[in-house]
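Those protein sequence lines, which keep their order, are chains C and H.
Residue numbers for the first sequence follow our numbering, so the first one is 1 and each next one is one higher.
Residue numbers for the second sequence follow our numbering, so the first one is 258 and each next one is one higher.
Everything labelled a hint here was simulated from the structure, so no lab data went into it.
Be a bit skeptical, because a hint or two may be false.
Sample of chain H residues at the chain C side, in silico, Cβ under 10 Å [unchecked claim]: (1) 596; (2) 662; (3) 727; (4) 731.
Label-pair restraints from in silico Cβ distances [said to hold, decoys possible]: (5) C:90 x H:718: 25 to 35 Å; (6) H:664 x C:166: 28 to 38 Å; (7) H:649 x C:166: 38 to 48 Å; (8) C:196 x H:646: 26 to 36 Å; (9) C:114 x H:421: 10 to 20 Å; (10) C:101 x H:721: 24 to 34 Å; (11) C:116 x H:410: 34 to 44 Å; (12) H:649 x C:211: 43 to 53 Å; (13) C:198 x H:697: 20 to 30 Å; (14) H:675 x C:177: 44 to 54 Å; (15) H:649 x C:176: 30 to 40 Å; (16) H:495 x C:163: 26 to 36 Å; (17) C:176 x H:675: 38 to 48 Å.
Fair warning: this is a prediction, and the values are worked out from it, not measured in the lab.
Note that beta-carbon positions come from the ideal geometry of N, C-alpha and C, so glycine has one too.
Each chain, letter by letter, is given below.
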Amino acid sequence: MGVAVAPVLPLPPNAGQAERDELTHLLAEGTVRSGREVGAGSGALPDADLLPVLPALRNLLPHGALQRGSVVAAGDWNLLCAALAAGPVASGAWCAVAGIPEFGVVAAADAGLDPARVLLIPGLGPNWAQVVISLLDGCDLVLLRPPDRPPPQARRKLEAAIRRHGAVLVVAGDWDGAQVRLRIAAQEWAGIGQGHGRLRGRRAYVVADGRGGWSRSQARWLWLPDPEGAVTAIEPALGSTASEPALTGIAGQASTG
Amino acid sequence: MTGGDLAGGARDRRVLAVRCPAWHSPSLLARQAGQAAAPRAPGAPGALGAREFEQVVSAVQEFCPRIEVLRPGLCAFGVRGPAKYFGGEAELARKVAGAVTRLGYDCGVGVADGMFAALLVSRDSQGEEPPVRIVPSGGTPAFLAPRAVTILGEPDLADLLIRLGIRTLGEFAAVPAAEAGNRFGAHGLLAHRLARGLDPRPLATRPPTPDLAVQIEFDPPVEQSERVVFAAKSMASQMHAQLAAGGLACVRVQIQVVCDNGEEITRLWRHDGLLSELAVAERVRWQLDGWRPGRGPGEHDDGVTASGISLLRLVPDQLVADQGRQLGLWGDAVVSDRVARAAVRVQAMLGHDAVTQAALAGGRSPADQAVFIPFGDTDESAARRPRPADRPWPGRIPPPAPATVYPVPRRASVTDESGSLVEVTGRGQLSGEPAKLSVGGEPSLAVTAWTGPWPVTERWWDPEHACRKARFQLVTVDGGAWLAVVQDGRWLIEASYD
Chain C
1 MGVAVAPVLP LPPNAGQAER DELTHLLAEG TVRSGREVGA GSGALPDADL
51 LPVLPALRNL LPHGALQRGS VVAAGDWNLL CAALAAGPVA SGAWCAVAGI
101 PEFGVVAAAD AGLDPARVLL IPGLGPNWAQ VVISLLDGCD LVLLRPPDRP
151 PPQARRKLEA AIRRHGAVLV VAGDWDGAQV RLRIAAQEWA GIGQGHGRLR
201 GRRAYVVADG RGGWSRSQAR WLWLPDPEGA VTAIEPALGS TASEPALTGI
251 AGQASTG
Chain H
258 MTGGDLAGGA RDRRVLAVRC PAWHSPSLLA RQAGQAAAPR APGAPGALGA
308 REFEQVVSAV QEFCPRIEVL RPGLCAFGVR GPAKYFGGEA ELARKVAGAV
358 TRLGYDCGVG VADGMFAALL VSRDSQGEEP PVRIVPSGGT PAFLAPRAVT
408 ILGEPDLADL LIRLGIRTLG EFAAVPAAEA GNRFGAHGLL AHRLARGLDP
458 RPLATRPPTP DLAVQIEFDP PVEQSERVVF AAKSMASQMH AQLAAGGLAC
508 VRVQIQVVCD NGEEITRLWR HDGLLSELAV AERVRWQLDG WRPGRGPGEH
558 DDGVTASGIS LLRLVPDQLV ADQGRQLGLW GDAVVSDRVA RAAVRVQAML
608 GHDAVTQAAL AGGRSPADQA VFIPFGDTDE SAARRPRPAD RPWPGRIPPP
658 APATVYPVPR RASVTDESGS LVEVTGRGQL SGEPAKLSVG GEPSLAVTAW
708 TGPWPVTERW WDPEHACRKA RFQLVTVDGG AWLAVVQDGR WLIEASYD
């Protein structure tokens with residue numbers, strides 16, 4: 001957990017008013033966190049209602065973490081889904097990967113998803129909602145690709161189970177009523193040419209839309225994956241053409257905040 | 258066996274141990290190969306699996322009904338009664354060795370005072386003709402005396418003893434027991450007992466009371482072994498609850514299965530740690546799988562017995578005070594009860610193999626780099642152990658790894674500008690540059706970047722499994738990146754980098 005903790009608390013009693021204002025500003029922005037907040041999110045899995053995520057994904061999610069009892073839709077199965085699960089698993093959660101027989105174990109492990117804490121259920125059978133409810137009971141996080149679009153009643157039953165067990169459902173696909181939706185709006189592979197080089201990394205423009213208090217959509221350039229297979233943020237200065245995706249192969253219109 | 262007085266019960270402590278290190282019979286190997294099981298590296302000796310060992314146990318059980326399975330490949334029984342019946346210890350041991358050898362298994366049989374010495378003798382006797390060795394009653398301390406202290410299986414203690422100048426078990430046994438206890442603690446005292454030819458602890462004198470056994474009757478009798486195994490899981494938790502109420506734990510459990518035609522099979526299973534619920538259920542599965550002839554190892558989903566199973570009974574056999582178990586403070590991926598419960602429930606719905614855990618393995622293609630082990634299976638069978646990942650695998654796909662690895666590669670076609678299929682010659686020459694990719698019959702996409710071919714020749718020494726491939730990485734106009742392979746003139750998509 002690479003949370004930046006600036007050594008600014010407690011303030012010396014003679015600290016100037018300007019410094020205090022600056023600190024309050026930083027705290028409000030979430031750039032600086034107090035020690036108590038950091039302690040709650042590190043080490044063994046806290047009982048708090050937030051599951052920590054990889055640093056690169058923090059800016060894309062409300063509260064910078066996955067909220068227990070919520071549903072996150074992350075588009076079709078891709079590395080972004082595994083990256084979402086990597087943070088909670090690294091801090092002690094168990095994850096179930098349901099209905100994804102082509103789950104790439106090595107790529108997920110490189111992104112930080114420890115296979116020792118993952119249950120794989122490639123085939124869900126006809127009664128898949130019941131299987132997922134059983135998994136939600138045991139695992140803090142379920143990564144699901146629904147075999148079909150659930151009828152509203154089954155969907156409400158699943159959402160009730162998610163809230164009851166305080167789990168997080170990451171859907172590889174779409175989900176009506178998801179609290180957060182992530183999608184890759186544009187992507188570009190680096191390192192490969194016409195008959196030379198090899199795939200080294202992918203620059204992906206990830207857009208997050210939310211509901212309720214998170215109505216403003218967020219967008220970030222990410223290495224998904226970077227040459228080592230990890231998922232990291234691209235500094236705006238390094239990302240090609242700042243924040244606006246000007247690439248070929250734009251899937252859907254990217255809305256920037 | 259009354260009381261824990263070991264000196265008085267010397268005759269009761271005579272133990273016969275049977276050890277089967279590996280299979281060696283060509284007929285058995287042929288049978289294994291015929292089943293097209295998981296591919297095995299050539300020359301790798303397969304250790305005896307639990308299910309195969311069941312045959313050995315059945316053979317040994319002809320001589321004594323109460324035998325103890327220490328682990329697959331190793332079983333033992335008290336020799337006193339059977340020796341009288343079969344005309345002496347030597348005669349009995351020869352007969353046991355003969356029965357196991359006839360099955361086609363290599364074995365070693367040893368008789369000595371106490372389990373520790375018997376296991377050592379059985380190891381020595383391997384490869385002899387006949388593979389039998391007997392340490393006469395009372396001769397165990399002398400037999401153990403010249404052995405190195407490292408044989409105790411306590412590396413730290415052995416290291417300490419050697420630095421103190423105590424190199425053999427005889428020298429260690431000469432240390433007064435009280436001093437050994439003071440100096441080396443509880444572990445040392447245990448090892449000291451072993452060195453003196455005694456059992457590690459006084460025999461568990463407390464007989465298991467019948468009310469600790471749990472049983473379930475199936476009416477009508479069930480034919481699916483899956484249901485019996487599932488019942489065993491809940492029964493095991495019930496048994497553990499009863500034991501825990503008395504502050505006890507069992508290191509050995511007797512599993513008794515009765516069929517509706519009166520057939521009965523009873524086994525004792527022992528475990529180094531304490532037997533968990535999952536471990537008990539796993540042993541029930543082994544027992545059922547091994548019992549039914551004509552079924553290969555590994556297939557245990559929809560197995561149907563010739564006759565239904567009408568009763569399953571678990572009897573905790575060797576009880577010890579529950580000392581608790583200390584888990585590592587950090588880093589252990591311990592399967593919590595909550596996770597195990599959820600996994601077992603899903604297994605009951607979808608079958609044992611439906612819930613797996615992945616382990617990283619060595620290999621060149623992305624599909625080879627992970628193996629999937631059904632949840633609850635332990636790594637005891639060496640045949641399923643993954644190929645080591647830390648070896649160099651020349652020709653391995655370079656990182657980053659693809660996020661989507663198709664369990665079955667998808668058919669594809671890659672064409673050049675003129676629309677004809679791109680081909681790779683034996684010398685790695687391309688017939689044209691890839692321009693369009695069509696996966697699984699979908700509309701074709703323009704290829705914006707590509708690299709390859711990366712030729713791979715795998716298992717060229719093995720005509721059946723040898724294959725030559727050439728791999729490509731392709732990027733299509735929609736931003737997708739693909740790992741494609743050409744084999745025998747056909748294009749397949751192995752993975753996608755989404």
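Just tell me: holds or violated, for the beta carbon distance of residue 675 of chain H and residue 177 of chain C against 44 to 54 Å? 50 Å, holds
_Pairwise beta carbon distance, residue 198 of chain C to residue 697 of chain H, judged against the given window 20 to 30 Å_ = 24 Å, holds
For the hint on residue 727 of chain H, just tell me whether its beta-carbon gets within less than 10 Å of chain C.
-> Where the cut-off is 10 Å and the nearest Cβ of chain C is about 13 Å from residue 727 of chain H, the hint is violated.
Q: Mind checking the hinted window 30 to 40 Å against the Cβ distance between residue 649 of chain H and residue 176 of chain C?
A: 49 Å, violated
**OP:** Starting from the hint 24 to 34 Å, judge whether the C-beta atoms of residue 101 of chain C and residue 721 of chain H obey it.
**Re:** 27 Å, holds
Note to self: Against the range 38 to 48 Å, how does the distance between the Cβ atoms of residue 649 of chain H and residue 166 of chain C compare: consistent or not?
What the structure shows: 45 Å, holds
Practice prompt. Return the status of the interface hint for residue 662 of chain H: holds when the least beta-carbon distance to chain C is below 10 Å, violated otherwise.
Written response: Where the cut-off is 10 Å and the nearest Cβ of chain C is about 4 Å from residue 662 of chain H, the hint holds.
Taking the Cβ atom of residue 196 of chain C and the Cβ atom of residue 646 of chain H, is their distance within the range 26 to 36 Å?
29 Å, holds
Q) Lying within 26 to 36 Å: is that true of the beta-carbon distance residue 495 of chain H to residue 163 of chain C? A) Roughly 32 Å apart at Cβ, these two residues keep to the hinted range, so it holds.
Pairwise beta carbon distance, residue 664 of chain H to residue 166 of chain C, judged against the given window 28 to 38 Å:
32 Å, holds
Exercise. Given the range 38 to 48 Å, decide if the beta-carbon distance of residue 176 of chain C to residue 675 of chain H lies inside it.
Key: 47 Å, holds
key: Beta-carbon spacing of residue 90 of chain C to residue 718 of chain H - inside the hinted bounds 25 to 35 Å or not   = Given a distance of about 42 Å, which is not inside 25 to 35 Å, the answer is violated.
Of the numbered hints given earlier, the model fails hints 3, 5, 9, 11, 15; all others are met.
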